[in-house]
Amino acid sequence: MRQLPYIMAINEALAEEMARNDKIFIIGEDVQAGVFRASSGLVQRFGKDRVMDTPLSETVVAGAAIGAAMAGYHPVADFMFADFMWCAADEVFLKAAKWHFIHGGKVSLPVVLFANMGGGARVGPEHSQCPESVVMHTPGLKLAVPSCAADAKGLLKTALRDPNPVVYFYHKRLLGLMGDVPDGEYTIPFGVADVKKEGKDVTVVATSYMVQHALTVAKELEGKISVEVVDPRTLEPFDIDTIIKSVKKTGRVVIVDEDTMRCGVTAEIAMQIMEKAFDALDAPIQRVAAANYPIAGAYMEQYVLPSPKDIQAAIEAVAKK
Amino acid sequence: MKLGKKELLVLYTNMLRARRADERIVKALQEGKVASFYHSGQGSEAVGVGACSFLRNDDYIYPHHRGHGLAYILSKGASMKAHMAEHFGRATGMAGGVSGFHGVDPEHGIFGGGGTIGSQFPVSAGWGLAAKKNGRAQVVLCCFGDGSSNRGTLHEAMNLAAVWKLPIVWLCENNLYAQWMPIKDAYPQEDIADLAHGYNMPGVVVDGQDVIAVHETVSAAVERARKGEGPSLVECKTYRYRAHSEGSADIAHTDPRPPEEIEAWKKRDPIKLFQERLLSEGIITHTDVDRIEKAVMAEVDEAEKFALESPLPDPSIFAKILYRV
Numbered sequence: 649m650r651q652l653p654y655i656m657a658i659n660e661a662l663a664e665e666m667a668r669n670d671k672i673f674i675i676g677e678d679v680q681a682g683v684f685r686a687s688s689g690l691v692q693r694f695g696k697d698r699v700m701d702t703p704l705s706e707t708v709v710a711g712a713a714i715g716a717a718m719a720g721y722h723p724v725a726d727f728m729f730a731d732f733m734w735c736a737a738d739e740v741f742l743k744a745a746k747w748h749f750i751h752g753g754k755v756s757l758p759v760v761l762f763a764n765m766g767g768g769a770r771v772g773p774e775h776s777q778c779p780e781s782v783v784m785h786t787p788g789l790k791l792a793v794p795s796c797a798a799d800a801k802g803l804l805k806t807a808l809r810d811p812n813p814v815v816y817f818y819h820k821r822l823l824g825l826m827g828d829v830p831d832g833e834y835t836i837p838f839g840v841a842d843v844k845k846e847g848k849d850v851t852v853v854a855t856s857y858m859v860q861h862a863l864t865v866a867k868e869l870e871g872k873i874s875v876e877v878v879d880p881r882t883l884e885p886f887d888i889d890t891i892i893k894s895v896k897k898t899g900r901v902v903i904v905d906e907d908t909m910r911c912g913v914t915a916e917i918a919m920q921i922m923e924k925a926f927d928a929l930d931a932p933i934q935r936v937a938a939a940n941y942p943i944a945g946a947y948m949e950q951y952v953l954p955s956p957k958d959i960q961a962a963i964e965a966v967a968k969k
Numbered sequence: 328m329k330l331g332k333k334e335l336l337v338l339y340t341n342m343l344r345a346r347r348a349d350e351r352i353v354k355a356l357q358e359g360k361v362a363s364f365y366h367s368g369q370g371s372e373a374v375g376v377g378a379c380s381f382l383r384n385d386d387y388i389y390p391h392h393r394g395h396g397l398a399y400i401l402s403k404g405a406s407m408k409a410h411m412a413e414h415f416g417r418a419t420g421m422a423g424g425v426s427g428f429h430g431v432d433p434e435h436g437i438f439g440g441g442g443t444i445g446s447q448f449p450v451s452a453g454w455g456l457a458a459k460k461n462g463r464a465q466v467v468l469c470c471f472g473d474g475s476s477n478r479g480t481l482h483e484a485m486n487l488a489a490v491w492k493l494p495i496v497w498l499c500e501n502n503l504y505a506q507w508m509p510i511k512d513a514y515p516q517e518d519i520a521d522l523a524h525g526y527n528m529p530g531v532v533v534d535g536q537d538v539i540a541v542h543e544t545v546s547a548a549v550e551r552a553r554k555g556e557g558p559s560l561v562e563c564k565t566y567r568y569r570a571h572s573e574g575s576a577d578i579a580h581t582d583p584r585p586p587e588e589i590e591a592w593k594k595r596d597p598i599k600l601f602q603e604r605l606l607s608e609g610i611i612t613h614t615d616v617d618r619i620e621k622a623v624m625a626e627v628d629e630a631e632k633f634a635l636e637s638p639l640p641d642p643s644i645f646a647k648i649l650y651r652v
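Protein chains in written order, with the working numbering: chain A, 649 to 969; chain B, 328 to 652.
Treat the hints as calculated values from the structure; they're not laboratory data. Incorrect hints may appear among the rest.
Stated by the list, open to error - Among chain A residues calculated to face chain B with C-beta under 7 angstroms, some are:
| no. | residue |
| --- | --- |
| 1 | Asp701 |
| 2 | Ser705 |
| 3 | Tyr721 |
| 4 | His751 |
| 5 | Val755 |
| 6 | Pro811 |
Unchecked claim - On the chain A side, residues computed to face chain B include the following (Cβ under 10 angstroms):
| no. | residue |
| --- | --- |
| 7 | Ala712 |
| 8 | Met718 |
| 9 | Pro787 |
| 10 | Lys893 |
Positions of the beta carbon are idealized from the N, C-alpha and C atoms, including for glycine.
With the hints as constraints, model all of the structure from the sequences given.
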């Protein structure tokens with residue numbers, strides 16, 4: 649199978665879907681050049697009316713995308729950094745999330761809210777967040793968090809065919825990660841978790857970049873602890889069934905996510921496992937997530953973010969109990 | 328557009344419809360029939376009616392929140408029955424009884440409303456972008472108040488609309504108060520229309536109690552937008568008679584609004600002014616006035632009856648409307 653970097657798989661998904669549906673356009677700051685190269689080359693192919701550079705105005709980037717979605721288009725609002733989405737909190741959390749519901753289903757909002765997330769680039773507290781938990785918390789928003797090139801492409805294509813608002817967070821530490829990407833047409837359905845590695849002793853549920861850390865650790869522990877790595881791929885809709893199936897096999901769980909620990913994605917997943925498979929657990933669930941601090945800048949960042957070492961320690965701790 | 332007798336009667340009737348429906352909702356709220364809260368729009372009907380009565384069906388509007396959009400949405404063709412039913416929390420309401428007060432009617436270019444004042448600007452920019460992309464000479468009329476003009480969202484949306492020449496009319500209902508905040512303590516100039524200069528677009532002040540003046544001024548801005556010449560700002564000087572919301576204090580900061588101020592504005596009631604003008608110009612007679620009043624009251628009675636007799640929504644609807652499938 650051919651290999652592509654994660655970011656080029658994203659670029660390919662955008663190009664294919666824009667060719668397929670002329671209602672799709674990309675709107676945001678410097679999207680014609682493409683700050684992370686997600687949309688690079690698309691303006692040359694599709695023109696300035698479909699790859700629209702805006703003034704520095706995140707609120708109206710979101711509002712324009714959401715408004716155009718109501719009026720029959722399928723825009724991609726590119727916030728550049730996920731942290732910048734907060735500038736458009738009203739548009740994302742009150743308008744995109746609620747307007748189909750609150751208007752009795754009469755208004756459609758097919759829009760992709762697209763942003764780069766994550767730490768590990770030492771770019772400080774307002775360019776490094778993984779604000780997944782707030783999105784997952786909000787009824788009305790779907791959330792895709794791809795961990796590899798093939799998923800990045802397939803999930804984005806699904807997002808661009810979904811008649812609802814989809815938040816699509818791609819991780820800045822994955823941009824150059826090479827991966828197998830099938831040739832030709834394929835999509836990945838939302839709400840279907842993927843077992844990235846099979847194992848029998850410990851289930852690690854990991855999201856986005858943390859999936860790659862979990863796979864690295866699982867490999868290191870081979871021969872000692874057999875680790876199963878499950879990637880939910882979308883946090884809403886959320887495939888708890890695949891996770892429960894794995895938990896019933898292993899009886900031991902570690903949940904890894906890069907958002908802040910407190911009230912984070914890990915807390916929600918842990919509670920759902922408790923509710924559905926308490927009797928299958930042979931040890932308390934362990935969580936690995938960002939410490940309850942802002943993401944620190946420069947060299948201090950590493951002391952806030954979850955690391956492979958933390959994941960390994962959690963797996964070993966849960967395996968011993 | 329030069330208005331003939333037929334159009335003048337449409338303006339008069341729409342103002343009366345908005346006024347009487349508003350009065351009925353206030354009364355119904357006092358009687359415990361209204362499911363949510365209410366922000367009366369009495370006193371400023373000329374703005375929404377003058378602006379919306381002769382828009383195209385496929386033009387998009389973001390109504391003012393007063394009267395929960397009554398003057399705008401009735402003029403745009405939406406149903407009074409459905410508006411009333413929504414306020415009574417019924418399944419036949421504009422939003423199926425799920426919102427309680429938002430007007431929504433996509434067939435008439437009304438995509439709904441939000442709870443945050445100032446959020447109309449960014450989504451209206453999106454409708455303007457869609458209208459421009461559609462290439463069918465549609466326009467967007469985005470209404471806002473003096474209060475909304477204090478929001479930063481205004482800047483981002485007006486700036487983008489001006490740079491991209493989006494077909495939008497920014498229509499300000501300056502009624503002098505943002506809830507309890509007088510405009511003089513919230514904005515450093517006399518006219519909100521002055522903001523237009525910063526965006527290199529026309530900014531016009533108009534008497535918001537004069538429905539013809541509103542209609543003519545907005546029409547010029549609409550035609551400009553239809554021709555692809557970009558957005559305009561129209562500021563209508565108007566007033567609201569009642570408190571910010573039903574049951575809330577009617578104050579400026581902490582003191583009652585001056586009674587002489589309210590009385591002075593009521594002397595310039597938009598419906599009364601227009602009725603006097605139509606009578607004095609011999610366009611209508613007192614018999615016409617009585618006939619229109621009766622017809623409007625019959626519509627209001629029927630809308631209330633429809634609302635009261637409609638079923639409450641079933642909560643099983645939630646699972647069907649969280650997402651579109």
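Status of each hint after checking the structure:
Against a cut-off of 7 angstroms between C-beta atoms, the interface hint on Asp701 (chain A) is violated, since the closest Cβ of chain B lies about 11 angstroms away. A cut of 7 angstroms between beta carbons decides the hint on Ser705 (chain A): the least distance to chain B is about 4 angstroms, and the hint holds. The criterion of a C-beta within 7 angstroms of any C-beta in chain B is met by Tyr721 (chain A), whose closest approach is roughly 6 angstroms, and the hint holds. For His751 (chain A), the shortest C-beta to C-beta distance to chain B is roughly 4 angstroms, which falls under 7 angstroms, so the interface hint holds.
Given the 7 angstroms rule on beta carbons, the hint for Val755 (chain A) holds: about 5 angstroms separates it from the nearest Cβ of chain B. The closest approach between the C-beta of Pro811 (chain A) and any C-beta of chain B is roughly 4 angstroms, which is under the 7 angstroms cut-off, so the hint is satisfied. At its closest, the beta carbon of Ala712 (chain A) sits 4 angstroms from a beta carbon of chain B; the interface hint therefore holds under the 10 angstroms criterion. Among the interface hints, the one on Met718 (chain A) holds; its C-beta lies about 5 angstroms from the nearest C-beta in chain B, closer than the 10 angstroms criterion.
Evaluation of the Pro787 (chain A) hint against chain B yields a held restraint, the C-beta minimum of about 6 angstroms falling below 10 angstroms. Restraint check, Lys893 (chain A) versus chain B: the minimum CB separation of about 25 angstroms is more than 10 angstroms; hint violated.
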